[in-house]
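K.L.:
Position one of the sequence shown corresponds to residue 1 (my numbering), numbered consecutively onward.
Be aware that a few hints might be false.
To be verified - The list that follows gives simulated cross-link-like pairs (lysine-lysine, PhoX-like), each with its CA atoms no further than 25 Å apart:
1. 89 to 74
2. 25 to 11
3. 78 to 89
4. 6 to 18
5. 102 to 86
6. 86 to 71
7. 112 to 102
8. 85 to 74
9. 86 to 74
None of these hints come from the bench; they were simulated from the model.
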Amino acid sequence: MLTEAKEELHKYEKQVEKEYTELSKSIMMRYHEEQVWSDKIRSASTYGTIALMTLNIILFICVQTIFEPRKRQKLAEKFEELLIKKLDKNEETGIFQQLYHKYERMDEKISKLLTDNNLYPIKKHNESI
1 MLTEAKEELH
11 KYEKQVEKEY
21 TELSKSIMMR
31 YHEEQVWSDK
41 IRSASTYGTI
51 ALMTLNIILF
61 ICVQTIFEPR
71 KRQKLAEKFE
81 ELLIKKLDKN
91 EETGIFQQLY
101 HKYERMDEKI
111 SKLLTDNNLY
121 PIKKHNESI
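Work the whole structure out from these sequences, hints included.
P.N.:
Here you go:
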């Protein structure tokens, strides 16, 4: 009976060892499958990141070479247009002021001549531009 019990114990120990080996193999297979999926996801993530970086670089280059120069050119044209309008307005104002000052001086000279000769008293015009 002791030999039978030893044989049964040995049989059960082999069965436990076999089951443990199968469990270890299944855990290793599961771990390997998860590693493969993790590598695939990491690879896809890397390619996605590279694609986004490439898109950002392309957009940056397009903005700097195409859109910004157009924007600067439009701003420069608008600024030049406003500057020309302002200069034209200043020139017109300057011409009117020069004419007004000439008129004032002529008026003063005429009134001085007339008052020196006591011909006609002239009233000054108080107009301003």
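K.L.:
Compare the structure with each hint and give your call.
P.N.:
Hint check results:
1. Our distance criterion of 25 Å between C-alpha atoms is met by residue 89 and residue 74, whose separation comes to about 22 Å.
2. At roughly 21 Å between alpha-carbon atoms, residue 25 and residue 11 fall within 25 Å of each other, so this suggested pair holds.
3. Under the criterion of a C-alpha separation no larger than 25 Å, the hint pairing residue 78 with residue 89 is consistent with the structure, at around 16 Å.
4. Restraint check: the Cα-Cα separation between residue 6 and residue 18 comes to about 18 Å, which is no more than 25 Å; the hinted pair holds.
5. For the hint pairing residue 102 with residue 86, the CA-to-CA distance comes to about 24 Å; that is within 25 Å, so the pair holds.
6. For the suggested pair residue 86 and residue 71, the alpha carbons sit about 22 Å apart, so the restraint of at most 25 Å is met.
7. A hinted pair counts as satisfied when its Cα atoms are at most 25 Å apart, and residue 112 with residue 102 qualifies at roughly 15 Å.
8. Restraint check for residue 85 and residue 74: satisfied, since their Cα atoms lie roughly 16 Å apart, inside the 25 Å limit.
9. Taking the CA atoms of residue 86 and residue 74, the gap is near 18 Å; set against the 25 Å cutoff, the hint holds.
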